[in-house]
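Heads up: the sequence lines are chains A and B, in that order.
Quick note: the working numbering has the first sequence finishing at residue 321, numbered continuously throughout.
Quick note: the working numbering has the second sequence finishing at residue 321, numbered continuously throughout.
Please note that the accuracy of each hint is not assured.
In this list, chains with the same sequence are indistinguishable; a pair is considered to hold if it fits within one copy or across any two.
Calculated cross-link-like contacts (lysine to any residue; reagent style SDA-like; alpha-carbon spacing at most 25 Å) [claimed, not checked]: (1) Lys136 - Phe147; (2) Lys75 - Arg259; (3) Lys136 - His170; (4) Lys75 - Pro144; (5) Lys234 - Thr211; (6) Lys75 - Val102; (7) Lys75 - Asp146; (8) Lys56 - Gly195; (9) Lys78 - Gly216; (10) Lys136 - Gly298; (11) Lys234 - Glu295.
Treat the hints as calculated values from the structure; they're not laboratory data.
Protein chains: 2
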Amino acid sequence: MPPQKTFQHLTDASAYQKLIKQYDVWLFDCDGVLWSGDDLIPGAKEVLEKLRGWGKEIVFVTNNASKSRKEILKKFVKLGVRADETEIFSSSYAAAVYLKKVLNFPSDRKVYVIGMEGIEEELDAEGIQHCGGTAKEDNVFLPPLDFSTLQDDKAIDPSVGAVMCGFDMHLSYIKLAKAYKHLTRPGADGPAKAGEVGGGCHFILTNDDSTFPARGGPWPGAGSLSSPLLFATKRQPTIIGKPHQHMLDTILAAKHFERSKAIFVGDRLDTDIDFANRGDIASLMVLTGISTRAEIEGDGAEIVPDYLVESLGDLDQVKEL
Amino acid sequence: MPPQKTFQHLTDASAYQKLIKQYDVWLFDCDGVLWSGDDLIPGAKEVLEKLRGWGKEIVFVTNNASKSRKEILKKFVKLGVRADETEIFSSSYAAAVYLKKVLNFPSDRKVYVIGMEGIEEELDAEGIQHCGGTAKEDNVFLPPLDFSTLQDDKAIDPSVGAVMCGFDMHLSYIKLAKAYKHLTRPGADGPAKAGEVGGGCHFILTNDDSTFPARGGPWPGAGSLSSPLLFATKRQPTIIGKPHQHMLDTILAAKHFERSKAIFVGDRLDTDIDFANRGDIASLMVLTGISTRAEIEGDGAEIVPDYLVESLGDLDQVKEL
Numbered sequence: 001m002p003p004q005k006t007f008q009h010l011t012d013a014s015a016y017q018k019l020i021k022q023y024d025v026w027l028f029d030c031d032g033v034l035w036s037g038d039d040l041i042p043g044a045k046e047v048l049e050k051l052r053g054w055g056k057e058i059v060f061v062t063n064n065a066s067k068s069r070k071e072i073l074k075k076f077v078k079l080g081v082r083a084d085e086t087e088i089f090s091s092s093y094a095a096a097v098y099l100k101k102v103l104n105f106p107s108d109r110k111v112y113v114i115g116m117e118g119i120e121e122e123l124d125a126e127g128i129q130h131c132g133g134t135a136k137e138d139n140v141f142l143p144p145l146d147f148s149t150l151q152d153d154k155a156i157d158p159s160v161g162a163v164m165c166g167f168d169m170h171l172s173y174i175k176l177a178k179a180y181k182h183l184t185r186p187g188a189d190g191p192a193k194a195g196e197v198g199g200g201c202h203f204i205l206t207n208d209d210s211t212f213p214a215r216g217g218p219w220p221g222a223g224s225l226s227s228p229l230l231f232a233t234k235r236q237p238t239i240i241g242k243p244h245q246h247m248l249d250t251i252l253a254a255k256h257f258e259r260s261k262a263i264f265v266g267d268r269l270d271t272d273i274d275f276a277n278r279g280d281i282a283s284l285m286v287l288t289g290i291s292t293r294a295e296i297e298g299d300g301a302e303i304v305p306d307y308l309v310e311s312l313g314d315l316d317q318v319k320e321l
Numbered sequence: 001m002p003p004q005k006t007f008q009h010l011t012d013a014s015a016y017q018k019l020i021k022q023y024d025v026w027l028f029d030c031d032g033v034l035w036s037g038d039d040l041i042p043g044a045k046e047v048l049e050k051l052r053g054w055g056k057e058i059v060f061v062t063n064n065a066s067k068s069r070k071e072i073l074k075k076f077v078k079l080g081v082r083a084d085e086t087e088i089f090s091s092s093y094a095a096a097v098y099l100k101k102v103l104n105f106p107s108d109r110k111v112y113v114i115g116m117e118g119i120e121e122e123l124d125a126e127g128i129q130h131c132g133g134t135a136k137e138d139n140v141f142l143p144p145l146d147f148s149t150l151q152d153d154k155a156i157d158p159s160v161g162a163v164m165c166g167f168d169m170h171l172s173y174i175k176l177a178k179a180y181k182h183l184t185r186p187g188a189d190g191p192a193k194a195g196e197v198g199g200g201c202h203f204i205l206t207n208d209d210s211t212f213p214a215r216g217g218p219w220p221g222a223g224s225l226s227s228p229l230l231f232a233t234k235r236q237p238t239i240i241g242k243p244h245q246h247m248l249d250t251i252l253a254a255k256h257f258e259r260s261k262a263i264f265v266g267d268r269l270d271t272d273i274d275f276a277n278r279g280d281i282a283s284l285m286v287l288t289g290i291s292t293r294a295e296i297e298g299d300g301a302e303i304v305p306d307y308l309v310e311s312l313g314d315l316d317q318v319k320e321l
């Protein structure tokens, strides 16, 4: 067994200063790091401004696929945190980029969406056709035990070459049944080809968070909502969001930085810190969100960050670099 | 490794006659054995009549939880197959009996239902209170990303002491979110107690079939629809239907027969034949449904019946006992 990874608990301004000097690219999870629900973490905004002033590159990384980058940007504006759309990487954006750039998804094929506007807007931005999602005909309850809407290939659109599944508050049996049919048609395991009818159908999840935080939560998340498709089809999807590495690939393709010069700041071990560890970039854990210090101190701790601070706001103690 | 189980392929009237003589209680899966969709399997009805004439006990066992026994009986009547309601055991009925008789579910507690009329009617028949299911307020699409309907404990009914999940064509995020909240509240892992508010909340699935056959199918089944709850809560539910043994316990409690005198006739290895094998009752596989002969002949065959015939109708060759 390899020796267990240890973390450095940073507690004073000189340690914070050394950390800031060491890394040129600062990647941030948002909820639990910059804000908690609608409340800013004290000092976080000021730290971001200082990092910008010292020439650091800033990147925001969120698994939230329900909103497009444009919509996520509105939250930054609302809370008075400076951000540019090109600094924001959501799992819906990364999923659309993955489809376009990595899979070379043909322009004559469609994506069947289980998800909300955030996914549809990012697919639109990449020029990828889609159906399902918020389309009116799939956001209905079918009459109980009446399968006529689904029978006789009415469930199948042969131009569909991928199923993309994310968080969807209008999850319906009709969407699950249609997605299932596309994912299990003959040849669905292969790649979608241009000019083909039927055949290959990719299976992509924006993220696989079992739950997500929101007022009154946690609530069942995108990973939970997609589990019927995994259970019914026995297929393994490609998962884009943290801790999976397609998200990092998308960021690196856009930002071209050295991994050794980058640090990821997050509050969740199973998404944020695991994402950084798997991607060979440094990780800084904060205690203003989900995960606790006890989880990284025990003998059995499986996911451990490189650094720990109580709050991102603590770094505001650094007055100059 | 134990030697692989072998099956007897019965092919003539004398072999069928010997089989019929050996067993006094004949349990039948329905779809794929007695009928296929809306078409009777040739000879099946005649065989049932002969078995009755020779004094055999007849039992019908189905995982279908979407209909109550009364509704399932209508299918028998429609196809002209004689049956009595007391001979029919559905997973919805067995689940209601399990709750009442095995768990002694308190009369002042409620079951939160993800499912259709079949479950509600069987709970009503056992005098068990329920909510969710077909209740109007939970059969709606919430406004996207508006959690106000679920916040501030609106999702929680403290009188709920069990979540029961089965096939539901009106699965909705609101139902999944409410079920999740009940299953994860403090103390939910324990038993539901009378006169208590909150606390224990049982987790019961009528069945865990990943798909089910219907015209145009297979379609995602009850096991698929319940998987978000397993994924989000990390809880292991009690599963009632075939191949799980609570179904057999329910039948034995009502019918009091010797296992050694009973035989189960089914078309599916993973539900029917596994159910019989686990329950130490003999099994007869027919090839008029889902599973194929190739699946029981290979070296790696894991589930093997005791006997094989092409069709239940073949037994009609037996003229007298």
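Each hint, compared with the structure:
no.	hint	in the structure
1	Lys136 - Phe147	both (18 Å within a copy, 21 Å between copies)
2	Lys75 - Arg259	neither (28 Å within a copy, 65 Å between copies)
3	Lys136 - His170	both (11 Å within a copy, 16 Å between copies)
4	Lys75 - Pro144	between (40 Å within a copy, 17 Å between copies)
5	Lys234 - Thr211	both (22 Å within a copy, 11 Å between copies)
6	Lys75 - Val102	neither (30 Å within a copy, 51 Å between copies)
7	Lys75 - Asp146	between (42 Å within a copy, 16 Å between copies)
8	Lys56 - Gly195	neither (46 Å within a copy, 60 Å between copies)
9	Lys78 - Gly216	within (21 Å within a copy, 49 Å between copies)
10	Lys136 - Gly298	neither (50 Å within a copy, 48 Å between copies)
11	Lys234 - Glu295	between (32 Å within a copy, 18 Å between copies)
Hints 2, 6, 8 and 10 from the list above are not met by this structure, while the remaining hints are.
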